[in-house]
Amino acid sequence: HAEALEASETRAASAEAAMAVAESAATKLRARLRQIESDAATAKAAAAAAERAAEAKVTGLTNRLVDAEELSERSAARFEGAIRVRDMAFAKLKATQQELEEVK
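Counted the way the working numbering counts, the sequence shown spans residues 1 to 104.
Since the hints were made in silico from the structure, they are not lab data.
Incorrect hints may appear among the rest.
[Claimed, not checked] Below 30 Å or equal to it, Euclidean Cα-Cα: the simulated DSS-like pairs (lysine-lysine) are:
| hint | residue 1 | residue 2 |
| --- | --- | --- |
| 1 | K104 | K94 |
| 2 | K44 | K57 |
| 3 | K44 | K28 |
| 4 | K92 | K104 |
[As the list claims (entries may be wrong)] Between beta-carbon pairs, the in silico distance windows are:
| hint | residue 1 | residue 2 | range |
| --- | --- | --- | --- |
| 5 | L5 | T42 | 52 to 62 Å |
| 6 | A76 | E55 | 25 to 35 Å |
| 7 | A68 | A31 | 46 to 56 Å |
| 8 | R64 | A26 | 54 to 64 Å |
| 9 | T62 | E102 | 54 to 64 Å |
| 10 | L61 | I83 | 31 to 41 Å |
| 11 | R32 | L71 | 56 to 66 Å |
| 12 | A40 | S8 | 42 to 52 Å |
| 13 | A76 | A53 | 29 to 39 Å |
| 14 | D67 | R30 | 39 to 49 Å |
Just so you know, even glycine gets a beta-carbon here, dropped at the ideal spot from N, CA and C.
Using the sequences and the hints, build the whole thing.
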């Protein structure tokens, strides 16, 4: 009977040791899971920040493009106006030359 009791105690001690090893492993796994979750949250925040930065960059570039288009349109209008003024000046010059020819 003593041998059976001793064997039972040995099995119980062995089971307790196995349980301690399992609990230690579970604790390590939980700590690792928390680290992975933390890393994932950090990566998610970084991705969100990068997305906001990209959106701001696109918005800035779009605004610059719109500004450039407006400037181009204004420049084209000024150029067209300058061409009209030049054409009118040439017409006046030609008319003046004709008047001078007529006077001669």
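Going down the list of hints, with the structure as the test:
1. K104 <-> K94: holds (15 Å)
2. K44 <-> K57: holds (20 Å)
3. K44 <-> K28: holds (24 Å)
4. K92 <-> K104: holds (18 Å)
5. L5 <-> T42: 52 to 62 Å: Distance hint for L5, T42 holds at roughly 55 Å.
6. A76 <-> E55: 25 to 35 Å: holds (31 Å)
7. A68 <-> A31: 46 to 56 Å: holds (55 Å)
8. R64 <-> A26: 54 to 64 Å: holds (56 Å)
9. T62 <-> E102: 54 to 64 Å: holds (60 Å)
10. L61 <-> I83: 31 to 41 Å: Given range 31 to 41 Å: holds, Cβ gap about 32 Å.
11. R32 <-> L71: 56 to 66 Å: holds (57 Å)
12. A40 <-> S8: 42 to 52 Å: Since the Cβ atoms of A40 and S8 sit about 46 Å apart, the hinted range of 42 to 52 Å holds.
13. A76 <-> A53: 29 to 39 Å: holds (34 Å)
14. D67 <-> R30: 39 to 49 Å: violated (55 Å)
Hint compliance for this structure: hint 14 alone is broken.
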